[in-house]
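Protein chains in written order, with the working numbering: chain U, 1 to 99; chain Y, 1 to 483.
For the record, the hints were derived by calculation from the structure and aren't laboratory data. Beta carbons: idealized from backbone N, C-alpha and C, even for Gly. Worth double-checking, as some hints may not be accurate.
[Said to hold, decoys possible] Computed list of chain U residues with no C-beta within reach of chain Y, every gap over 10 Å:
| # | residue |
| --- | --- |
| 1 | Glu5 |
| 2 | Asp29 |
| 3 | Glu66 |
| 4 | Asp68 |
| 5 | Glu85 |
| 6 | Lys97 |
[Stated by the list, open to error] Listed below are several chain U residues computed to face chain Y (Cβ distance under 8 Å; list not exhaustive):
| # | residue |
| --- | --- |
| 7 | Ala14 |
| 8 | Arg15 |
| 9 | Ile30 |
| 10 | Ser31 |
| 11 | His32 |
| 12 | Val40 |
| 13 | Ser41 |
| 14 | Met70 |
| 15 | Ala76 |
| 16 | Phe81 |
| 17 | Arg92 |
| 18 | Ile95 |
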Amino acid sequence: MVSKEDIQNLAELARLELSDSEVEGLQKDISHILEYVGQVSAVSADAKISVPENRNVMREDTPRAEGDPMVGKREAVVAAFPKREGDYNVVRKIIQKDE
Amino acid sequence: MSSLNQLSITEAADKLQKKEISAVELTRACLDETAKRNPALNAYLEVFDDAEQQAADADARRAKGENGPLLGIPLGMKDNILIEGKHVSAASNILEGYVASYDATVTAKLKQAGAVFLGRTNMDEFAHGSSTENSAFGPSKNPHDEARMPGGSSGGSAAAVAAHLALGALGTDTGGSIREPASFCGIVGLKPTYGAVSRLGLIAMGSSLDQAGPLTKTVADAELIFNAIKGKDSLDSTSIDFSVQKSMPKKIGVPRHLLKTGVDPDILEKFEASLAALKAEGYEVVDIELPSAGLALAVYYVIMPAEVSANLARFDGVRYGLSNKGVSLWEDYAKTRGAGFGPEARRRIMLGTYVLSSGYYDAYYGKATAAREMLRAEVVQALEGVDLIANPSAPTPAPKLGEKTNDPLAMYLLDIFTVTANLTGNPAISVPMGTVEREGLPAQAGKHLPAGLQFTAAHGNEQALFVAGKALEKTGGTMRSNG
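Let the sequences and hints guide you as you build the complete structure.
Laid out in structure tokens, this is it:
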């Protein structure tokens, strides 16, 4: 059984606020699911020898051409900001003094 | 056919071309039926107020001499496919008020073809589920029995098509989310080859697994939509050039070792009867072995949540959507994500975080990746000996709403036959194979619930699916024959 502390630690890593009752429920659910997916540990193949089919594709760092679906969408993106000042997205100060 | 909304796309396209009907009439017929049945079915989360205008535009294009099989055809769009200027939510509260800033490539291609978008269809939140019960906006209902689930996650799309609220619809499929609801609703659902259809503008779930595809009343309709949306896209580096292969499939392989337990006996009977009917059509049916396929669902439930936890990291309340505030940056994130994501999304994020975390990565994600490659090799090898692999699309007909909600694993098992094609990237289609009897169904269903048969073909060989799918349709059992 996954411990309460494990669940709380995962929630912190995943940036999720969970209620106490949900922590308990997830202890049960995650343990149950891990028991099932644990079948994969019996696989003898070594992960390191597997080669993924897909490879990253790079593009030139140039402005998008006219007709590209991403061109001309700046205002729509800015309009979605939760808190906007002019064209700025207002966010919380990240670097703060130690208290 | 009494009403225009009951036409297939192929039939409607023919009438449009002959100018017997207009796109506006066709769209109105779908909207009228939607007004009647959507309050109960909850297939659409939103019906677009410009649907009739889009249809009028299509009629104007036709008047100027344009033609094409999808010009003026009204479709539903799953709520995780971006349409510029329209609200899109992936049925989640975390995307509250979010308006798409651009068209998905599939949207742009359908617009170019002249399709009419009727509305956005309900789904499990972020496509996490097999029943639409994980939607933040309530479940959709199965048109054959409103006490039952339509399947999921593209359940709104499936219910809309099966109830004739649209002529066809787009869905997305990460582990069976097109094929399983198609099976439960008695329609056709296609998951294309990975890369055949661009993923640009789909709200990502598992990026190495996701594909968009059609849900339709007939195989020919699925082929029409697939041909309109496929192709290489410079904005999705995993998309591939796609040329239609000529295919005359003759040999069907059946992995019977996977069907020994967990499948309803009458589903197996229908399946065997369908194979017998295909034999009568000249197909050869042989047994095949896929030794690792028994592991597929376990492999999927490691890889998918891992990708989910990474993809859903972007929903942080900083750039768009729901934005809750706490006393610190950490609290801003945690409160936004804690309140914005529903229980199943949170469960999958937690599971994905677990399997990717230090100390567990090799045992879960590493092993699952290795098993995935083994499975892929086995399927590729099997498809060198046969043209198609066949199995039931799902082990049961549509379960009742609420029947699986208390046990996540029981819900996951509905995808046992569909996840393999996502893991291996092969194209797969679910085609109706008839109905099975269940007690307590409403009179109009006549005690019968639909079930689907799944064909899987070699990478890039959708054509084999269409040919065999049409052969299966001919043997009966499609929704067109039972209304």
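Consistency of the hints with the structure:
{"no.": "1", "hint": "Glu5", "verdict": "holds (13 Å)"}
{"no.": "2", "hint": "Asp29", "verdict": "violated (6 Å)"}
{"no.": "3", "hint": "Glu66", "verdict": "holds (14 Å)"}
{"no.": "4", "hint": "Asp68", "verdict": "violated (8 Å)"}
{"no.": "5", "hint": "Glu85", "verdict": "holds (14 Å)"}
{"no.": "6", "hint": "Lys97", "verdict": "holds (13 Å)"}
{"no.": "7", "hint": "Ala14", "verdict": "holds (5 Å)"}
{"no.": "8", "hint": "Arg15", "verdict": "holds (4 Å)"}
{"no.": "9", "hint": "Ile30", "verdict": "holds (6 Å)"}
{"no.": "10", "hint": "Ser31", "verdict": "violated (10 Å)"}
{"no.": "11", "hint": "His32", "verdict": "holds (6 Å)"}
{"no.": "12", "hint": "Val40", "verdict": "holds (4 Å)"}
{"no.": "13", "hint": "Ser41", "verdict": "holds (5 Å)"}
{"no.": "14", "hint": "Met70", "verdict": "holds (6 Å)"}
{"no.": "15", "hint": "Ala76", "verdict": "holds (4 Å)"}
{"no.": "16", "hint": "Phe81", "verdict": "holds (7 Å)"}
{"no.": "17", "hint": "Arg92", "verdict": "holds (5 Å)"}
{"no.": "18", "hint": "Ile95", "verdict": "violated (10 Å)"}
Violated hints, in rising order: 2, 4, 10, 18; the structure is consistent with all others.
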